[in-house]
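Following the hints, complete the assembly by docking chain A onto the known chain F.
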Amino acid sequence: MYNPIILGYLEDEALTEINVSDERFNMLTHINYGYGEIADKDGNVVVNWKNTDKLAQLKSNFNNIKFSLSIGGWGAGNFSESAETEEGRKIFSKTAIEIMKKYKFDGIDVRWEFPCVPNGNIGCHPSDKYNFTLLLETIRNDLDELEKQDNRKYLLSIAAGAGEFYARCTELDKVGKIVDYVNILTYDLYATSPLTGHHCSLYKSSKAPFSVSGANCVEFFIKKGVSANKIVYGVAFHGRMWSGVEQRGDGLNRRAYGKIGEFVDYTNIKNDLVMNCEYKQYWDDEAKAAYLFNGYSFISYEDCKSIKNKISFIKDKKLAGLFFGNLLRDRTNELLNTIYKEIKE
Amino acid sequence: MQKPIILGYISDGNPGWSAEDENFAKLTHINYAFATLADRNGTVVERWSNINKLMKIKEKYPHIKTLFSIGGARAGNFTQSAETEEGRKRISKTAIEIMKKYKFDGIDLDWEFPCLSYKKPNLEGVDLDWEEAEQSRSYPGVYFHPDDKYNLTLLLEQIRTDLNELEKKDNCEYLLTIATGPNDFYIDNCEIKKLGQILDFINVMTYDMCSSQMDYVTGHHTNIYNSSRTPHKKSGAYFMELFMKHGVPANKLVLGAAFYGLGSNGVENRGDGLTNRVYGVRTQYYNYTRIKTEILKEDSGFKAYWDDEAKAPYVFNGDTFITYENPESLKHKVEYVKEKGFLGVFFWEYPLDQTGELLDTIYNEVNKK
Chain F
1 MYNPIILGYL
11 EDEALTEINV
21 SDERFNMLTH
31 INYGYGEIAD
41 KDGNVVVNWK
51 NTDKLAQLKS
61 NFNNIKFSLS
71 IGGWGAGNFS
81 ESAETEEGRK
91 IFSKTAIEIM
101 KKYKFDGIDV
111 RWEFPCVPNG
121 NIGCHPSDKY
131 NFTLLLETIR
141 NDLDELEKQD
151 NRKYLLSIAA
161 GAGEFYARCT
171 ELDKVGKIVD
181 YVNILTYDLY
191 ATSPLTGHHC
201 SLYKSSKAPF
211 SVSGANCVEF
221 FIKKGVSANK
231 IVYGVAFHGR
241 MWSGVEQRGD
251 GLNRRAYGKI
261 GEFVDYTNIK
271 NDLVMNCEYK
281 QYWDDEAKAA
291 YLFNGYSFIS
301 YEDCKSIKNK
311 ISFIKDKKLA
321 GLFFGNLLRD
331 RTNELLNTIY
341 KEIKE
Chain A
1 MQKPIILGYI
11 SDGNPGWSAE
21 DENFAKLTHI
31 NYAFATLADR
41 NGTVVERWSN
51 INKLMKIKEK
61 YPHIKTLFSI
71 GGARAGNFTQ
81 SAETEEGRKR
91 ISKTAIEIMK
101 KYKFDGIDLD
111 WEFPCLSYKK
121 PNLEGVDLDW
131 EEAEQSRSYP
141 GVYFHPDDKY
151 NLTLLLEQIR
161 TDLNELEKKD
171 NCEYLLTIAT
181 GPNDFYIDNC
191 EIKKLGQILD
201 FINVMTYDMC
211 SSQMDYVTGH
221 HTNIYNSSRT
231 PHKKSGAYFM
241 ELFMKHGVPA
251 NKLVLGAAFY
261 GLGSNGVENR
271 GDGLTNRVYG
281 VRTQYYNYTR
291 IKTEILKEDS
301 GFKAYWDDEA
311 KAPYVFNGDT
321 FITYENPESL
331 KHKVEYVKEK
341 GFLGVFFWEY
351 PLDQTGELLD
361 TIYNEVNKK
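Residue numbers (the numbering used here), protein chains in the order written: chain F, 1 to 345; chain A, 1 to 369.
Here chain F stands alone, though its shape is the one from the complex (with noise of 0.2 Å):
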């Protein structure tokens, strides 16, 4: 029986404002709990959340929902320089193991943005690309130990860059089938280039000069040795904005002379900007994405359509589901909502 999951990344912060027994938790299969981080070069892994007794109650609330306790994220650094002795790589895995029995967790989600890559600052070295899968190895194989003992399964998963540039930094192969999961960042694929574009698209659109879009993403680790049904698609809560671009046509692939690729809430966009009559909404049928435009400021964004479009991609690629990034960005709840109807129709 093919059930795709419906995974949420939750920030312990989130958990200030989020109620416990919030409905949309409803429509959750699984949560990776964040964020743990390594703090020192030798691989030590803690937390420092605020708000652990409302995930013990979050957790009984909501039973069925699988939690991985989710180490890393965007700027987080020391992975380069804990995976590189086998020393480091066993004491990440032994203190990450360690945070994920003391709050009960169900698995292990590494969120490694990304190993080779010096984006956000973090250190990194071509070495990267071999410890990374060891790393993944040694968390396996306690994992493994840890299974016989306790007599159940415990999930391994990753963050997984979208692009080319992520195969080249990692062996994919061997990851693929060291994971559960590999849940694709599939957003934000175009949001620092001075040219406005689809930052989410599903497919290419033949008039965008970029190439990246998710359906190539989900295709090309396919082709690099991913099964299908461990690949989690990424879908985004947020838009991204362009502002001061040439007021020309539908400002689609227009040079922008403000701000690039601004971060916006869907909210916001929804609330503020779709609402807005000033704003011309958009559809590009042949990337599948939506966009705004008002002669000056343009925004790529995620909308109920688009979502739909992915799911049924994701159900006739048979992948293992889909994931977004933070419940709070839509505070309309449509995007999960709809994101739940499609997926379970």
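Simulated from the structure, these hints should not be mistaken for laboratory data. Backbone N, C-alpha and C fix where the C-beta goes; we use that ideal spot for every residue, glycine too. Warning: the hint list may mix true and false statements.
[Claimed, not checked] Derived pair list, reagent style SDA-like, types lysine to any residue, alpha-carbon separation capped at 20 Å:
| hint | chain 1 | residue 1 | chain 2 | residue 2 |
| --- | --- | --- | --- | --- |
| 1 | F | K259 | A | G76 |
| 2 | A | K233 | F | S127 |
| 3 | F | K207 | A | Y150 |
| 4 | F | K259 | A | R74 |
| 5 | F | K41 | A | G271 |
| 6 | F | K204 | F | D188 |
| 7 | F | K129 | A | T275 |
| 8 | F | K41 | A | D319 |
| 9 | F | K129 | A | R229 |
| 10 | F | K41 | A | G280 |
| 11 | F | K129 | A | E268 |
| 12 | F | K204 | A | P146 |
| 13 | F | K317 | F | E219 |
| 14 | A | K65 | A | D12 |
| 15 | F | K59 | F | A14 |
| 16 | A | K149 | F | S205 |
| 17 | A | K149 | A | R40 |
| 18 | A | K252 | A | D200 |
| 19 | F | K41 | A | N276 |
| 20 | A | K149 | F | R255 |
| 21 | A | K233 | F | P126 |
| 22 | F | K259 | A | Q80 |
| 23 | F | K41 | A | T275 |
| 24 | A | K233 | F | Y130 |
| 25 | F | K344 | F | N309 |
| 26 | A | K233 | F | E171 |
| 27 | F | K230 | F | E171 |
| 28 | F | K207 | A | P146 |
| 29 | F | K41 | A | G318 |
| 30 | F | K41 | A | R270 |
| 31 | F | K66 | F | S21 |
| 32 | F | K129 | A | N276 |
[Said to hold, decoys possible] Quick list of the computed label-pair ranges, beta carbon to beta carbon:
| hint | chain 1 | residue 1 | chain 2 | residue 2 | range |
| --- | --- | --- | --- | --- | --- |
| 33 | A | D147 | F | K305 | 25 to 33 Å |
| 34 | A | R270 | F | G120 | 22 to 30 Å |
| 35 | A | K245 | F | S206 | 25 to 33 Å |
[As the list claims (entries may be wrong)] Calculated Cβ distances over 10 Å to all of chain A for the following chain F residues:
| hint | residue |
| --- | --- |
| 36 | Y103 |
| 37 | R152 |
| 38 | D173 |
| 39 | Y203 |
Chain A alone, transformed into the frame defined by chain F:
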């Protein structure tokens, strides 16, 4: 076979050169940097204060062809100016006015770079480098458009047409050249074969090859050959042959050399420093004079190394790593140029080596039987 040309860049703003310097005799070409585009409509302007010195050099050494360069690193307004026929005509007209005014022999266009950020159309990578990250980076004030690819050709055609007119009138030859980046994406981002037909020659900037903020391990910045120790495949030979493979004849390609080094500090202290992680400041500029007189001095604390595979020198003191060019690496560059029949060697830039030994090496190697 014709002797390789020796082209030196001189920037107007660098005071470290004098019209009396006799080493200029060793150059065949000078590119004077930079004129810029003042607006989005194609107005080329110069704000030079040392141009009289250049005129004196030209008088003293009439064999030297002088060109002036428009653009340079992160110079803006190209994409907008080249977009319309009017803009292209204006670039050509205003550039030729400057050329005539200072009796230059030609125009060099340094548009860095057309279609920057334009991603390659497939996901199949070659090997590990961070070109993709590099491409999607934005430079403040520099814009681009996918149409740059075609507009660059149209712009150069316009200038060439206008120069041809002028050649008939003046009964002399005017050169048109460009400087290109050492990047695979440069090939995708321009109609390189057509450019090869329009232009007299192309200066391939085979330096700064590890200057990217994206490369957070140390590496070579102007190596002629690839090194199996460094993560990327970039090398002088790689890019020269890439341009050739894409239809530019060897006798129109000029290999780049650097009269400076790039240093990083806060480098992991292990081994000889090559391919170590960098936590400090990257790509600090060290001119060759300083490298020779301070860094390579015995008591400087630096140890000098040579990567015999890449034919590239570097120094390391446990914290600071500097990749640079020296006479030895230049010998290999000139040898390579002669062996493959490339047009010549150019370097950035003349005043950065007050010892004179780098130009001496190029000159001697070029003239070696």
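Here is what the structure says about each hint:
This hinted pair checks out: K259 of chain F and G76 of chain A have alpha carbons roughly 17 Å apart, not beyond 20 Å. As the CA atoms of K233 of chain A and S127 of chain F are separated by approximately 16 Å, the hinted pair is consistent with the 20 Å bound. A C-alpha spacing of about 16 Å is found between K207 of chain F and Y150 of chain A, which places the hinted pair at or below 20 Å, so the restraint holds. For the proposed pair K259 of chain F and R74 of chain A, the alpha carbon gap of about 18 Å is at most 20 Å, so the pair holds.
Annotation: proposed proximity of K41 of chain F to G271 of chain A holds, straight-line Cα distance about 19 Å (limit 20 Å). Proximity of K204 of chain F to D188 of chain F is assessed by CA-CA distance (about 14 Å); at most 20 Å being required, the pair is judged to hold. At most 20 Å may separate the alpha-carbon atoms for a hinted pair to count; K129 of chain F and T275 of chain A meet this at roughly 14 Å. For the given pair, K41 of chain F sits about 18 Å from D319 of chain A by alpha-carbon distance, which is consistent with the 20 Å threshold.
Under the criterion of a C-alpha separation no larger than 20 Å, the hint pairing K129 of chain F with R229 of chain A is consistent with the structure, at around 15 Å. As the CA atoms of K41 of chain F and G280 of chain A are separated by approximately 16 Å, the hinted pair is consistent with the 20 Å bound. Of the pairs offered as hints, the one joining K129 of chain F and E268 of chain A holds, with about 19 Å between alpha carbons and a cut-off of 20 Å not exceeded. Taken as a hint, the K204 of chain F and P146 of chain A pair is honoured in the structure, with Cα atoms around 15 Å apart against an allowance of 20 Å.
A distance of roughly 9 Å separates the Cα atoms of K317 of chain F and E219 of chain F; the hinted pair therefore holds under the 20 Å criterion. For a cut-off of 20 Å, the pair hint linking K65 of chain A to D12 of chain A stands: about 17 Å separates their Cα positions. Among the hinted pairs, K59 of chain F with A14 of chain F is consistent with the structure: their alpha-carbon atoms are about 15 Å apart, no more than 20 Å. At most 20 Å may separate the alpha-carbon atoms for a hinted pair to count; K149 of chain A and S205 of chain F meet this at roughly 19 Å.
A hinted pair counts as satisfied when its Cα atoms are at most 20 Å apart, and K149 of chain A with R40 of chain A qualifies at roughly 17 Å. Restraint check for K252 of chain A and D200 of chain A: satisfied, since their Cα atoms lie roughly 6 Å apart, inside the 20 Å limit. For the given pair, K41 of chain F sits about 15 Å from N276 of chain A by alpha-carbon distance, which is consistent with the 20 Å threshold. Of the supplied pair hints, the one linking K149 of chain A and R255 of chain F holds, its CA atoms being roughly 15 Å apart against a limit of 20 Å.
For the given pair, K233 of chain A sits about 13 Å from P126 of chain F by alpha-carbon distance, which is consistent with the 20 Å threshold. The hinted pair formed by K259 of chain F and Q80 of chain A meets the criterion: a straight-line CA distance of about 18 Å does not exceed 20 Å. At roughly 18 Å between alpha-carbon atoms, K41 of chain F and T275 of chain A fall within 20 Å of each other, so this suggested pair holds. Proposed proximity of K233 of chain A and Y130 of chain F is supported: the alpha carbons are some 19 Å apart, at most 20 Å.
With a C-alpha separation of about 14 Å, the suggested pair K344 of chain F and N309 of chain F falls inside the 20 Å cut-off, and the hint holds. The suggested pairing of K233 of chain A with E171 of chain F holds, with an alpha-carbon distance near 19 Å, which does not exceed 20 Å. Distance restraint check for K230 of chain F and E171 of chain F: the Cα-Cα separation of roughly 16 Å lies within the 20 Å cut-off, and the hinted pair is therefore satisfied. With a C-alpha separation of about 10 Å, the suggested pairing of K207 of chain F with P146 of chain A holds against the 20 Å cut-off.
Between K41 of chain F and G318 of chain A the CA atoms are separated by roughly 19 Å; this keeps the pair inside 20 Å, and the hint holds. Proposed proximity of K41 of chain F and R270 of chain A is supported: the alpha carbons are some 16 Å apart, at most 20 Å. Restraint check: the Cα-Cα separation between K66 of chain F and S21 of chain F comes to about 16 Å, which is no more than 20 Å; the hinted pair holds. Among the hinted pairs, K129 of chain F with N276 of chain A is consistent with the structure: their alpha-carbon atoms are about 15 Å apart, no more than 20 Å.
Between D147 of chain A and K305 of chain F the CB atoms are about 30 Å apart, so this pair conforms to the stated range of 25 to 33 Å. A hinted range of 22 to 30 Å holds for the C-beta pair R270 of chain A and G120 of chain F, which are about 24 Å apart. Distance hint check: the CB atoms of K245 of chain A and S206 of chain F are about 27 Å apart, consistent with the given range 25 to 33 Å. Consistency note on Y103 of chain F: stated as away from chain A, and its beta-carbon is indeed over 10 Å from all of that chain's, at 33 Å minimum.
Even its closest Cβ contact with chain A, about 38 Å, leaves R152 of chain F beyond 10 Å, as expected for a residue assigned away from the interface. Interface exclusion of D173 of chain F from chain A stands, the closest Cβ pair being 15 Å apart, more than 10 Å. In this structure Y203 of chain F is separated from chain A by more than 10 Å, as the shortest Cβ-Cβ distance comes to about 13 Å.
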